[in-house]
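Chemist: Heads up, the sequence shown is in the UniProt record's numbering, so the first residue is 1 and it goes up one at a time.
For the record, the hints were derived by calculation from the structure and aren't laboratory data.
Among the clues, some could well be false.
Stated by the list, open to error - Taking lysine-lysine and the DSS-like style, the derived pairs with C-alpha atoms no more than 25 Å apart in a straight line are: (1) K157 with K658; (2) K53 with K19; (3) K608 with K658; (4) K612 with K653; (5) K359 with K488; (6) K215 with K160; (7) K230 with K219; (8) K632 with K658; (9) K359 with K266; (10) K157 with K497; (11) K359 with K407; (12) K15 with K60; (13) K266 with K632; (14) K612 with K159; (15) K632 with K488; (16) K240 with K199; (17) K440 with K225; (18) K230 with K449; (19) K39 with K72; (20) K119 with K75; (21) K466 with K488; (22) K497 with K273; (23) K658 with K160; (24) K630 with K449; (25) K26 with K39; (26) K214 with K449; (27) K658 with K588; (28) K617 with K630; (29) K199 with K160; (30) K488 with K156; (31) K160 with K201; (32) K73 with K26; (33) K273 with K15.
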Amino acid sequence: MSDYLVIVESPAKAKTIEKYLGKRYKVRASMGHVRDLPKSQMGVDTEHGFEPKYITIRGKGPVLKELKTAAKKAKKIYLAADPDREGEAIAWHLAHSLDIETSSDCRVVFNEITKDAIKESFKQPRAIDMDLVDAQQARRILDRLVGYNISPLLWKKIKKGLSAGRVQSVALRLIIDRENEISQFQPEEYWTINGAFTKNKESFNATFYGLNGKKLALKSEQEVKDVLAKLKQDYFEVSKVTKRERKRNPAPPFTTSSLQQEAARKLNFRAKKTMMLAQQLYEGIDLGKQGTIGLITYMRTDSTRTSETAQKEAAGYVESSYGKEYTKPSSGGGSQGKTQDAHEAIRPTSVLREPQSLKEFLSRDQLRLYKLIWERFVASQMTPAIMDTLSVDLMNGDVQFRANGSKVKFPGFMKVYVEGNDDQKEEKENWLPSLENGDKVNTDEIDPKQHFTQPPPRFTEARLVKTLEELGIGRPSTYAPTLDTIQKRGYVSLDNKRFVPTELGTIVHEVMAEYFPDVLDVEFTAKMEKSLDEVEEGKMQWNSIIDEFYQDFYQHLSKAEAEMEKIEIKPEFAGEDCELCGSPMVYKMGRYGKFMACSNFPDCRNTKPIIKEIGVKCPDCEEGSIIERKTKKKRIFYGCNQYPQCEFLSWDKPIDRKCPKCESLLVEKKLKKGNQVQCTQCDYKEDAQQ
Numbered sequence: 001m002s003d004y005l006v007i008v009e010s011p012a013k014a015k016t017i018e019k020y021l022g023k024r025y026k027v028r029a030s031m032g033h034v035r036d037l038p039k040s041q042m043g044v045d046t047e048h049g050f051e052p053k054y055i056t057i058r059g060k061g062p063v064l065k066e067l068k069t070a071a072k073k074a075k076k077i078y079l080a081a082d083p084d085r086e087g088e089a090i091a092w093h094l095a096h097s098l099d100i101e102t103s104s105d106c107r108v109v110f111n112e113i114t115k116d117a118i119k120e121s122f123k124q125p126r127a128i129d130m131d132l133v134d135a136q137q138a139r140r141i142l143d144r145l146v147g148y149n150i151s152p153l154l155w156k157k158i159k160k161g162l163s164a165g166r167v168q169s170v171a172l173r174l175i176i177d178r179e180n181e182i183s184q185f186q187p188e189e190y191w192t193i194n195g196a197f198t199k200n201k202e203s204f205n206a207t208f209y210g211l212n213g214k215k216l217a218l219k220s221e222q223e224v225k226d227v228l229a230k231l232k233q234d235y236f237e238v239s240k241v242t243k244r245e246r247k248r249n250p251a252p253p254f255t256t257s258s259l260q261q262e263a264a265r266k267l268n269f270r271a272k273k274t275m276m277l278a279q280q281l282y283e284g285i286d287l288g289k290q291g292t293i294g295l296i297t298y299m300r301t302d303s304t305r306t307s308e309t310a311q312k313e314a315a316g317y318v319e320s321s322y323g324k325e326y327t328k329p330s331s332g333g334g335s336q337g338k339t340q341d342a343h344e345a346i347r348p349t350s351v352l353r354e355p356q357s358l359k360e361f362l363s364r365d366q367l368r369l370y371k372l373i374w375e376r377f378v379a380s381q382m383t384p385a386i387m388d389t390l391s392v393d394l395m396n397g398d399v400q401f402r403a404n405g406s407k408v409k410f411p412g413f414m415k416v417y418v419e420g421n422d423d424q425k426e427e428k429e430n431w432l433p434s435l436e437n438g439d440k441v442n443t444d445e446i447d448p449k450q451h452f453t454q455p456p457p458r459f460t461e462a463r464l465v466k467t468l469e470e471l472g473i474g475r476p477s478t479y480a481p482t483l484d485t486i487q488k489r490g491y492v493s494l495d496n497k498r499f500v501p502t503e504l505g506t507i508v509h510e511v512m513a514e515y516f517p518d519v520l521d522v523e524f525t526a527k528m529e530k531s532l533d534e535v536e537e538g539k540m541q542w543n544s545i546i547d548e549f550y551q552d553f554y555q556h557l558s559k560a561e562a563e564m565e566k567i568e569i570k571p572e573f574a575g576e577d578c579e580l581c582g583s584p585m586v587y588k589m590g591r592y593g594k595f596m597a598c599s600n601f602p603d604c605r606n607t608k609p610i611i612k613e614i615g616v617k618c619p620d621c622e623e624g625s626i627i628e629r630k631t632k633k634k635r636i637f638y639g640c641n642q643y644p645q646c647e648f649l650s651w652d653k654p655i656d657r658k659c660p661k662c663e664s665l666l667v668e669k670k671l672k673k674g675n676q677v678q679c680t681q682c683d684y685k686e687d688a689q690q
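With the sequences and hints as input, model every part of the structure.
Modeler: Here it is in structure tokens:
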């Protein structure tokens with residue numbers, strides 16, 4: 001008989017922990033929550049303090065029975081769910097089901113699944129933190145009140161299968177607001193003047209800055225002509241040289257949000273995939289003779305703090321690998337003002353486990369994510385980079401051009417890792433020739449160009465997560481599920497990895513905006529998140545928050561039920577007839593995106609994919625045309641519409657012209673530094689037109 005029973009959420013976690021604790025401990029998995037609000041009813045008593053009604057989750061009976069049997073044989077039971085609100089609630093539900101006193105020292109928490117961390121955590125068991133439990137309960141009940149009251153209304157008035165939620169409704173609003181900004185955007189004309197110059201056979205570029213030392217924005221071609229008319233000679237004179245030294249600090253270790261953003265930028269991972277892989281790395285990977293080890297700390301966190309032990313280990317690693325001049329242990333940063341600093345940032349459990357040493361044990365994607373986390377943490381514990389910057393002003397009469405250059409004087413953290421950026425191109429070294437005041441430089445070319453301001457970009461997953469975090473909407477555990485839900489409901493679709501609202505999403509949003517403005521209000525939702533944080537800190541009662549919300553919400557709900565009219569969503573005709581029965585084909589939104597279906601459903605169940613032609617003839621058979629297709633994992637590729645008779649395939653987009661050198665097929669390749677047109681047979685290359 002085992003002396004101790006330890007209960008965690010997942011079998012993988014159980015397997016890892018049991019190896020560390022020894023024979024006296026039996027570790028079992030609850031498979032997540034064992035109790036929850038019922039699916040078939042509201043499960044919240046709105047008349048009596050919003051008391052929740054919990055039931056055993058369907059299918060969890062056998063799991064619970066096994067846990068109860070094991071509990072009877074154990075002298076002591078430890079509840080070791082994850083170290084956050086959700087984990088605390090799981091432990092509380094388990095305590096209730098197994099008759100464990102919540103005030104007893106039954107709760108064990110750890111931020112990493114390593115032998116030392118696990119053993120240390122069992123030396124410090126504590127009681128269940130009811131403030132954490134109440135914060136989770138409050139969120140769950142709020143979401144239930146919103147979802148189970150509004151969703152049936154949407155089913156009745158618009159379409160079956162719809163849903164509404166606090167965070168998902170705000171996320172949808174942000175996407176629709178951005179789409180409205182784009183559609184209403186009025187481009188404005190502006191001009192730039194670029195100059196190519198030479199000094200002692202060394203060439204460099206500069207751009208027009210202004211007149212007589214005053215910066216001037218060029219808004220028309222006439223203004224450009226006026227500037228060019230002021231040029232007095234075919235050379236420019238150096239009027240000012242400014243040299244500076246600039247420090248560039250490393251990014252802090254990852255939080256949940258920043259990990260999702262960077263994995264999207266650098267690895268092209270969706271938020272859902274990032275969290276799935278991070279969960280695997282956290283719960284433990286079999287490293288052969290070393291056994292099963294958790295490779296990263298807990299992956300749902302708002303904190304950028306790191307332990308002193310981790311900082312010391314990183315300092316030792318950096319000094320031995322790169323030298324003392326690169327070693328500057330960080331304090332780990334603090335946390336942002338509105339975060340739950342319950343645990344550490346996401347970091348490797350040991351920097352000594354270098355990514356390359358784990359290659360044989362990890363899948364390709366696990367290794368890529370681990371490498372990203374490892375490099376980010378190591379870089380955060382290194383010295384700043386030092387950049388030499390140079391600014392040179394060139395004068396020709398009253399006309400001033402400016403050239404800027406920079407180079408790395410000391411790489412510091414950049415030796416290991418540089419953070420990605422959504423909004424700016426990667427910073428490149430661009431050092432200028434040696435220039436002094438009074439030097440004359442030859443003018444090789446003056447090139448004026450017309451531009452137009454661009455609308456704000458649509459949200460990628462990374463941008464949307466960043467925006468939600470900045471606005472204080474949602475928490476680490478909610479980002480990935482929120483993005484997944486609005487796609488599954490058909491409220492948004494992805495076009496070139498950017499969110500586009502669907503007609504259905506727009507209709508649902510308009511209804512919500514009219515009848516439930518508070519649910520869509522960004523400030524209101526952010527304030528609610530802060531209130532939940534105050535419940536966690538023991539500063540507020542959970543049911544008082546819900547009561548304050550519900551009073552106004554119930555009035556809006558009553559008004560909506562009385563006044564909302566039924567909305568008929570007209571089918572979007574595809575412009576062709578069904579080849580089986582002759583009825584018009586219509587567009588439908590399915591789990592994997594848009595497709596065509598017969599309007600005579602259910603009598604005719606004909607469906608087919610939407611074919612997107614790119615206007616290029618097939619180079620192989622010369623009869624078919626190239627169409628855009630997708631793999632099961634939604635990766636775009638290009639093929640002939642005569643398949644399987646013609647088997648032409650290309651991952652790169654073919655171009656509707658031939659190579660000027662060899663007459664072969666040109667394709668557009670997507671590169672990190674910008675798209676490039678390349679020949680499939682020779683070395684011809686050119687920049688793609690944006």
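Chemist: Determine for every hint whether it applies to the structure shown.
Modeler: Results of checking the hints against the structure:
1. For the suggested pair K157 and K658, the alpha carbons sit about 54 Å apart, so the restraint of at most 25 Å is broken.
2. With a C-alpha separation of about 37 Å, the suggested pair K53 and K19 falls outside the 25 Å cut-off, and the hint is violated.
3. Distance hint between K608 and K658 is unfulfilled; the C-alpha atoms sit about 32 Å from each other, more than 25 Å.
4. Distance hint between K612 and K653 is fulfilled; the C-alpha atoms sit about 12 Å from each other, no more than 25 Å.
5. For the hint pairing K359 with K488, the CA-to-CA distance comes to about 34 Å; that exceeds 25 Å, so the pair is violated.
6. Proximity of K215 to K160 is assessed by CA-CA distance (about 58 Å); at most 25 Å being required, the pair is judged violated.
7. Our distance criterion of 25 Å between C-alpha atoms is met by K230 and K219, whose separation comes to about 17 Å.
8. Our distance criterion of 25 Å between C-alpha atoms is broken by K632 and K658, whose separation comes to about 31 Å.
9. Distance restraint check for K359 and K266: the Cα-Cα separation of roughly 19 Å lies within the 25 Å cut-off, and the hinted pair is therefore satisfied.
10. Taking the CA atoms of K157 and K497, the gap is about 31 Å. The hint is violated against a cut of 25 Å.
11. As the CA atoms of K359 and K407 are separated by approximately 34 Å, the hinted pair breaks the 25 Å bound.
12. Straight-line distance between C-alpha atoms of K15 and K60 comes to about 20 Å, which keeps the hinted pair within the 25 Å bound.
13. For the proposed pair K266 and K632, the alpha carbon gap of about 22 Å is at most 25 Å, so the pair holds.
14. Our distance criterion of 25 Å between C-alpha atoms is broken by K612 and K159, whose separation comes to about 28 Å.
15. Note on K632 and K488: the hinted pairing holds, with a Cα-Cα distance of about 16 Å set against a maximum of 25 Å.
16. Taking the CA atoms of K240 and K199, the gap is about 16 Å. The hint holds against a cut of 25 Å.
17. With a C-alpha separation of about 24 Å, the suggested pairing of K440 with K225 holds against the 25 Å cut-off.
18. A threshold of 25 Å between alpha carbons decides the hint, and for K230 with K449 the separation of about 18 Å falls inside it, so the pair holds.
19. For the given pair, K39 sits about 30 Å from K72 by alpha-carbon distance, which is inconsistent with the 25 Å threshold.
20. A threshold of 25 Å between alpha carbons decides the hint, and for K119 with K75 the separation of about 18 Å falls inside it, so the pair holds.
21. Using a Cα cut-off of 25 Å, the hinted pair K466 and K488 holds, with the two alpha carbons roughly 21 Å apart.
22. This hinted pair checks out: K497 and K273 have alpha carbons roughly 15 Å apart, not beyond 25 Å.
23. For the hint pairing K658 with K160, the CA-to-CA distance comes to about 51 Å; that exceeds 25 Å, so the pair is violated.
24. Taking the CA atoms of K630 and K449, the gap is about 38 Å. The hint is violated against a cut of 25 Å.
25. In summary, the hint linking K26 to K39 is not supported, as the alpha carbons are separated by about 33 Å, beyond the 25 Å threshold.
26. For the suggested pair K214 and K449, the alpha carbons sit about 21 Å apart, so the restraint of at most 25 Å is met.
27. The suggested pairing of K658 with K588 is violated, with an alpha-carbon distance near 37 Å, which exceeds 25 Å.
28. Under the criterion of a C-alpha separation no larger than 25 Å, the hint pairing K617 with K630 is consistent with the structure, at around 19 Å.
29. As the CA atoms of K199 and K160 are separated by approximately 71 Å, the hinted pair breaks the 25 Å bound.
30. Between K488 and K156, the direct Cα distance comes to roughly 19 Å. Compliance with the 25 Å bound is thereby established for this hinted pair.
31. The suggested pairing of K160 with K201 is violated, with an alpha-carbon distance near 72 Å, which exceeds 25 Å.
32. Distance restraint check for K73 and K26: the Cα-Cα separation of roughly 10 Å lies within the 25 Å cut-off, and the hinted pair is therefore satisfied.
33. Simply put, K273 and K15 have alpha-carbon atoms about 23 Å apart, close enough for the 25 Å limit, and the pair holds.
When held up to the earlier numbered hints, the structure conflicts with 1, 2, 3, 5, 6, 8, 10, 11, 14, 19, 23, 24, 25, 27, 29, 31 and fits the remainder.
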